[in-house]
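K.L.:
Take a look at the letters that make up each chain.
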Amino acid sequence: MTDTTLRLVVIGNGMVGHKLLEELAGTPGLDITVLCEEPRPAYDRVHLSEFFGGKTAEDLSLVAPGFFEQPGFTLRLDAKAVDIDRTTRQVVLADGERLPYDRLVLATGSYPFVPAVTGRDRDGCLVYRTIEDLEAMRHWGAKSRIGVVIGGGLLGLECAKALKDMGLETHVVEFAPRLMTVQVDDMGGRLLRRKIEALGVAVHTGRNTLEITDGGGVGVGGRHAMKFADGSQLLTDMIVFSAGIRPRDELARTAGLIRGERGGILIDNQCKTSDPDIWAIGECALWQGKIFGLVAPGYDMARLVAAQIKGTAKAEFTGADMSTKLKLLGVDVASIGDAQGATPGSLNYLFSDDVAGVYKKLVVSADAKTLLGAVLVGDADDYGSLLQMALNGIPLPAQPESLILPSVEGGAKGLGVDLLPASASICSCNNVSKGDLCAAIEGGATSLGALKKCTKAATSCGGCLPLVKQVLDAELKKSGVLVLNHLCEHFAHSRQELFHLVKLGGQKSFDDVILAHGKGRGCDICKPAVASILASCWNEHVLKPKHAAVQDTNDYFLANIQKDGTYSVVPRIPGGEITPDKLIVIGQVAKDYGLYTKITGGQRIDLFGARVEQLPAIWGALVAAGFESGHAYGKSLRTVKSCVGSTWCRYGVQDSVTMAIRIEERYRGLRSPHKIKMAVSGCTRECAEAQSKDVGVIATEKGWNLYVAGNGGMKPRHAELLAADVDDETLIKLIDRFLMFYIRTGDRLQRTATWIENLEGGLSYVKKVVIDDSLGLCAELEADMAQQVATYECEWKRAITTPETLKRFRHFVNAADADSNIQFVDERGQIRPKSALEKRAVAAGEVTP
Amino acid sequence: MTDAARWTFVCHRDDIVPNTGVAAKVGAAQVAVFRVVAPDGTEDGIFAIDNFDVRAQANVLSRGLIGELTTEQGPVLVVASPIYKNHLCLKTGRCLEDEAWSVKTWAVRCGDDGTIMVRGS
Numbered sequence: 011m012t013d014t015t016l017r018l019v020v021i022g023n024g025m026v027g028h029k030l031l032e033e034l035a036g037t038p039g040l041d042i043t044v045l046c047e048e049p050r051p052a053y054d055r056v057h058l059s060e061f062f063g064g065k066t067a068e069d070l071s072l073v074a075p076g077f078f079e080q081p082g083f084t085l086r087l088d089a090k091a092v093d094i095d096r097t098t099r100q101v102v103l104a105d106g107e108r109l110p111y112d113r114l115v116l117a118t119g120s121y122p123f124v125p126a127v128t129g130r131d132r133d134g135c136l137v138y139r140t141i142e143d144l145e146a147m148r149h150w151g152a153k154s155r156i157g158v159v160i161g162g163g164l165l166g167l168e169c170a171k172a173l174k175d176m177g178l179e180t181h182v183v184e185f186a187p188r189l190m191t192v193q194v195d196d197m198g199g200r201l202l203r204r205k206i207e208a209l210g211v212a213v214h215t216g217r218n219t220l221e222i223t224d225g226g227g228v229g230v231g232g233r234h235a236m237k238f239a240d241g242s243q244l245l246t247d248m249i250v251f252s253a254g255i256r257p258r259d260e261l262a263r264t265a266g267l268i269r270g271e272r273g274g275i276l277i278d279n280q281c282k283t284s285d286p287d288i289w290a291i292g293e294c295a296l297w298q299g300k301i302f303g304l305v306a307p308g309y310d311m312a313r314l315v316a317a318q319i320k321g322t323a324k325a326e327f328t329g330a331d332m333s334t335k336l337k338l339l340g341v342d343v344a345s346i347g348d349a350q351g352a353t354p355g356s357l358n359y360l361f362s363d364d365v366a367g368v369y370k371k372l373v374v375s376a377d378a379k380t381l382l383g384a385v386l387v388g389d390a391d392d393y394g395s396l397l398q399m400a401l402n403g404i405p406l407p408a409q410p411e412s413l414i415l416p417s418v419e420g421g422a423k424g425l426g427v428d429l430l431p432a433s434a435s436i437c438s439c440n441n442v443s444k445g446d447l448c449a450a451i452e453g454g455a456t457s458l459g460a461l462k463k464c465t466k467a468a469t470s471c472g473g474c475l476p477l478v479k480q481v482l483d484a485e486l487k488k489s490g491v492l493v494l495n496h497l498c499e500h501f502a503h504s505r506q507e508l509f510h511l512v513k514l515g516g517q518k519s520f521d522d523v524i525l526a527h528g529k530g531r532g533c534d535i536c537k538p539a540v541a542s543i544l545a546s547c548w549n550e551h552v553l554k555p556k557h558a559a560v561q562d563t564n565d566y567f568l569a570n571i572q573k574d575g576t577y578s579v580v581p582r583i584p585g586g587e588i589t590p591d592k593l594i595v596i597g598q599v600a601k602d603y604g605l606y607t608k609i610t611g612g613q614r615i616d617l618f619g620a621r622v623e624q625l626p627a628i629w630g631a632l633v634a635a636g637f638e639s640g641h642a643y644g645k646s647l648r649t650v651k652s653c654v655g656s657t658w659c660r661y662g663v664q665d666s667v668t669m670a671i672r673i674e675e676r677y678r679g680l681r682s683p684h685k686i687k688m689a690v691s692g693c694t695r696e697c698a699e700a701q702s703k704d705v706g707v708i709a710t711e712k713g714w715n716l717y718v719a720g721n722g723g724m725k726p727r728h729a730e731l732l733a734a735d736v737d738d739e740t741l742i743k744l745i746d747r748f749l750m751f752y753i754r755t756g757d758r759l760q761r762t763a764t765w766i767e768n769l770e771g772g773l774s775y776v777k778k779v780v781i782d783d784s785l786g787l788c789a790e791l792e793a794d795m796a797q798q799v800a801t802y803e804c805e806w807k808r809a810i811t812t813p814e815t816l817k818r819f820r821h822f823v824n825a826a827d828a829d830s831n832i833q834f835v836d837e838r839g840q841i842r843p844k845s846a847l848e849k850r851a852v853a854a855g856e857v858t859p
Numbered sequence: 247m248t249d250a251a252r253w254t255f256v257c258h259r260d261d262i263v264p265n266t267g268v269a270a271k272v273g274a275a276q277v278a279v280f281r282v283v284a285p286d287g288t289e290d291g292i293f294a295i296d297n298f299d300v301r302a303q304a305n306v307l308s309r310g311l312i313g314e315l316t317t318e319q320g321p322v323l324v325v326a327s328p329i330y331k332n333h334l335c336l337k338t339g340r341c342l343e344d345e346a347w348s349v350k351t352w353a354v355r356c357g358d359d360g361t362i363m364v365r366g367s
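Protein chains in written order, with our numbering: chain A, 11 to 859; chain B, 247 to 367.
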């Protein structure tokens with residue numbers, strides 16, 4: 011260490027503390043020691059509730075691989091600072107160790123406030139702040155039936171979602187007369203409450219909890235009794251306190267730094283505490299009487315302090331915009347600027363639609379010229395543009411109400427991003443301005459992914475993503491860059507465009523399509539894509555000779571090719587339900603043809619090792635026993651997995667098997683941009699894992715919840731709730747519309763999960779189209795599906811009765827021989843393909859075959 | 247052996263669905279024979295390459311999709327292996343992705359009566 015090295019100690023490795031480290035990375039002459047009280051370094055507390063949606067602590071980590079291995083960084087986990095000796099400039103650790111510093115940064119964050127209620131220390135009374143807290147919630151959730159959240163603010167409602175996700179009967183208890191008192195007004199709060207109650211969360215406002223006592227319940231259903239000031243009580247098994255945060259300022263107290271009357275370490279515009287060698291940033295810091303409980307102002311402070319350490323500081327901390335946009339329990343809520351209308355003389359514009367569940371309020375200046383604030387509940391799509399309007403003082407249009415009234419077909423709405431000045435802050439989390447985005451786009455970041463990576467915009471809360479995309483599109487358009495999503499060199503159209511062209515143009519063969527809309531002869535990219543479009547549009551049998559040359563081998567032989575050139579056979583087993591007799595048939599067929607059998611993840615049986623010339627006979631036997639093609643080879647519906655449901659299961663609330671069979675038989679054979687997987691669960695325990703499927707159905711007491719666009723595989727994605735508590739007929743209708751909309755607009759080989767993520771407006775747009783019928787398309791989508799359902803036929807049944815088709819099922823055109831390169835060995839009592847090495851050994855005579 | 251004796255009968259042209267392939271047994275070897283037809287119906291001809299896909303180590307090339315790709319040498323008629331989608335030039339057997347996966351071509355002729363023959367090596 012040289013004399014010029016600055017010893018910096020940072021206490022706390024939360025989101026803000028870590029942002030400071032990121033800003034300092036690579037700065038020469040720094041020796042940084044980070045003290046982290048928790049057992050793991052920084053993680054994303056903003057998305058904490060996703061822990062219950064399947065994310066792990068590792069997924070939530072904010073630490074880039076190798077970050078702390080950089081020279082100049084020392085990370086100490088489980089290290090708690092207990093005092094600061096300011097005279098000798100040393101931090102004292104819990105074990106007595108003393109760490110010298112030249113400069114010190116306090117980034118100690120906050121702790122959850124637990125009101126002084128008798129009984130708050132009882133078992134199963136928890137808080138919601140750290141990953142350890144979440145683990146405790148999960149532990150208690152597993153042995154609880156009912157859960158209560160105390161606190162109906164932003165964190166409280168996130169917490170309620172976590173309880174709901176664990177399958178608990180969930181209650182929210184709030185002291186104030188409405189939910190989210192800080193962000194929304196009375197009317198917005200009422201709508202929010204109604205929506206949240208509709209999701210099955212009980213809301214109790216205006217309740218002052220006096221005491222928590224024994225509920226007299228043994229085990230679940232009443233471990234605790236909560237007694238309220240109005241004399242009522244509520245039985246529960248676990249309680250999570252989420253009634254606000256308080257700054258962690260105890261170190262400042264012992265060290266004698268100046269604190270606010272109600273807590274918080276006092277800082278100036280440079281984030282300096284009363285000791286000039288010590289800064290405080292984030293939720294522990296008190297600036298002009300205010301604690302900022304959001305991550306964006308904390309990041310601002312971190313950047314400011316980093317700049318001072320690097321000697322590049324010019325700016326000052328000037329407070330922060332506290333506007334927020336959130337999705338709470340699936341309900342969009344946004345609050346901008348002066349949402350409560352506190353500015354003297356301010357005026358309101360209101361729009362309320364109880365039917366659609368949308369409430370919007372604009373708060374404007376007394377002269378109705380500028381936007382001061384806004385509240386949005388149920389539909390927060392306009393958040394980005396309204397926020398920019400408020401922040402940049404952009405003059406309101408002549409009719410400000412047009413900003414919140416539902417858009418009329420053809421009418422332009424909101425404000426174009428072109429109106430924004432370069433200084434407009436687009437991503438407040440990461441302090442990215444429109445100018446920054448434009449510069450990055452000019453520098454070559456011409457895709458949304460590249461732009462996010464390059465500028466970090468939309469990488470924290472993601473609220474600004476639509477706006478970032480708008481800026482990108484506008485800039486690309488201006489610079490004349492065409493956004494190309496062409497299918498391949500033969501078609502200058504996206505799959506979606508081509509679908510419409512074919513539907514309108516009525517072309518029914520690949521040759522007609524390429525002559526009308528493409529050029530050249532096609533390739534292995536566009537041929538199967540066009541084949542799929544033709545099947546989706548006209549549902550003609552894929553085996554027709556005119557379609558033969560454009561099918562992938564799987565569709566050509568109606569089976570799945572394997573690495574050795576053999577095929578696998580998957581009969582359809584709707585809903586995973588099968589009779590013993592049919593099981594015996596499958597077993598017998600496998601035995602007769604020496605096939606390797608394996609149970610699939612989708613509750614079917616896969617038979618491997620069939621030679622191409624064996625396929626018709628195998629299917630002859632299967633079809634005779636009543637089996638149909640399982641379409642495992644097609645870009646089409648694979649399976650509808652189900653749990654056993656209310657028929658047998660003591661927890662089931664609906665007959666999931668019957669519904670799964672109904673769905674599978676409805677959509678079997680449907681060709682689509684990619685494969686489609688579905689599942690039906692008979693209760694909220696979700697044994698069928700429906701939330702990882704393209705279409706997932708979960709039974710509720712009142713009907714079915716429909717989830718869409720989930721995915722397992724390489725990039726897992728939880729399905730999102732499209733509709734709740736719908737009856738059988740509505741469910742089928744919505745799935746019809748959803749699937750057809752996807753088939754029409756999806757890209758080649760794009761699963762529903764990627765499709766919805768790339769669709770502007772995502773789920774809320776899909777909802778508008780398939781539920782609100784915003785495009786007036788629903789009748790057409792349903793009719794298209796009805797046509798598909800009516801024209802379904804089993805491809806294998808057709809194939810084995812068509813001599814012309816049967817001709818193709820042979821290995822050699824000029825000999826009856828089998829392919830001698832297909833060779834098997836025995837493994838665990840079944841066949842498996844020989845490896846290349848094993849085949850060579852035989853050829854060389856080392857081993858007798 | 248006379249030249250005529252070295253030619254093996256494959257099938258009649260009409261036995262190959264336009265723009266697909268078939269596998270033929272030529273001596274002990276396997277040959278993939280393709281019939282290529284332009285979208286407007288013009289016959290482009292018959293092509294023959296090894297049926298064995300070096301990359302997948304399986305006799306599958308006759309089951310690949312036929313296409314035309316633009317390369318530095320201009321448009322090339324190719325077949326895409328159904329296993330790993332490597333593209334093989336129908337005229338030369340060259341693999342566009344990796345030379346190591348290239349295959350051999352076979353002499354093929356289609357008589358006026360539509361009879362397709364491949365010459366054994």
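Derived by calculation from the structure, the hints in this document are not laboratory data. Treat the numbers as computed from the prediction; the structure is a model and nothing was measured. The C-beta atom is built at its ideal place from N, Cα and C for all residues, glycine as well. Take these hints with a grain of salt, some might be off.
[What the hints assert, rightly or not] Computed list of lysine-lysine pairs in DSS-like fashion (alpha-carbon distance at most 30 angstroms, straight line):
(1) B:K350 with A:K320
(2) A:K573 with B:K331
(3) A:K807 with B:K350
(4) A:K237 with A:K65
(5) B:K331 with A:K556
(6) A:K518 with A:K807
(7) A:K573 with B:K350
[To be verified] Quick look at which bits of chain B chain A covers, simulated, 3 or more residues with Cβ under 8 angstroms:
(8) 254-266
(9) 289-303
(10) 308-322
(11) 348-359
[Said to hold, decoys possible] Chain A residues, not near chain B, derived (Cβ > 12 angstroms throughout):
(12) D112
(13) T128
(14) A152
(15) R313
(16) M332
(17) H500
(18) R531
(19) C536
(20) A559
(21) F567
(22) E803
(23) E814
(24) A825
K.L.:
None of the hints should be skipped; say for each whether it holds.
P.N.:
Against the structure, the hints come out as follows:
1. About 65 angstroms separates the Cα atoms of B:K350 and A:K320, which puts this hinted pair outside 30 angstroms; it is violated.
2. For a cut-off of 30 angstroms, the pair hint linking A:K573 to B:K331 stands: about 12 angstroms separates their Cα positions.
3. The hinted pair formed by A:K807 and B:K350 fails the criterion: a straight-line CA distance of about 39 angstroms is larger than 30 angstroms.
4. Taking the CA atoms of A:K237 and A:K65, the gap is about 35 angstroms. The hint is violated against a cut of 30 angstroms.
5. Simply put, B:K331 and A:K556 have alpha-carbon atoms about 23 angstroms apart, close enough for the 30 angstroms limit, and the pair holds.
6. In summary, the hint linking A:K518 to A:K807 is supported, as the alpha carbons are separated by about 23 angstroms, within the 30 angstroms threshold.
7. Proximity of A:K573 to B:K350 is assessed by CA-CA distance (about 21 angstroms); at most 30 angstroms being required, the pair is judged to hold.
8. Using a Cβ-Cβ cut-off of 8 angstroms, 10 residues of the segment 254-266 of chain B lie near chain A, which meets the minimum of three, so the contact claim holds.
9. Evaluation of the coverage hint for the segment 289-303 of chain B: fulfilled, as 3 residues show C-beta separations to chain A shorter than 8 angstroms, against a requirement of three.
10. Interface restraint, the segment 308-322 of chain B with chain A: holds (9 residues with C-beta to C-beta distance below 8 angstroms; minimum three).
11. Evaluation of the coverage hint for the segment 348-359 of chain B: breached, as 0 residues show C-beta separations to chain A shorter than 8 angstroms, against a requirement of three.
12. Consistency note on A:D112: stated as away from chain B, and its beta-carbon is indeed over 12 angstroms from all of that chain's, at 58 angstroms minimum.
13. With 12 angstroms as the threshold on Cβ separation, the claim that A:T128 sits away from chain B holds: the shortest Cβ distance comes to roughly 69 angstroms.
14. The Cβ of A:A152 sits about 45 angstroms from the closest Cβ of chain B, beyond the 12 angstroms cut-off, so the non-interface label holds.
15. At the 12 angstroms boundary, the C-beta of A:R313 stays outside the reach of chain B, the nearest C-beta of that chain being 47 angstroms off.
16. No Cβ of chain B approaches the Cβ of A:M332 within 12 angstroms, the least distance being about 53 angstroms, so the stated non-interface status holds.
17. Chain B draws A:H500 into its interface by the beta-carbon criterion, the shortest separation being 8 angstroms against a cut-off of 12 angstroms.
18. With a cut of 12 angstroms on Cβ distances, A:R531 falls inside the contact zone with chain B, its closest approach being about 4 angstroms.
19. Distance to chain B contradicts A:C536 as a non-interface residue, since its nearest Cβ pair spans about 8 angstroms, not more than 12 angstroms.
20. Some Cβ of chain B comes within 12 angstroms of the Cβ of A:A559; the nearest lies about 4 angstroms off, and the non-interface call is violated.
21. For A:F567, the shortest C-beta to C-beta distance to chain B comes to about 8 angstroms, within the 12 angstroms cut-off, and the non-interface label is violated.
22. With a least CB separation of 21 angstroms from chain B, A:E803 remains clear of the 12 angstroms interface cut-off, as annotated.
23. The Cβ of A:E814 does not lie farther than 12 angstroms from every Cβ of chain B; its closest approach is about 10 angstroms, which violates its non-interface assignment.
24. A:A825, annotated as away from the interface, has a beta carbon of chain B within 12 angstroms; the closest lies near 4 angstroms.
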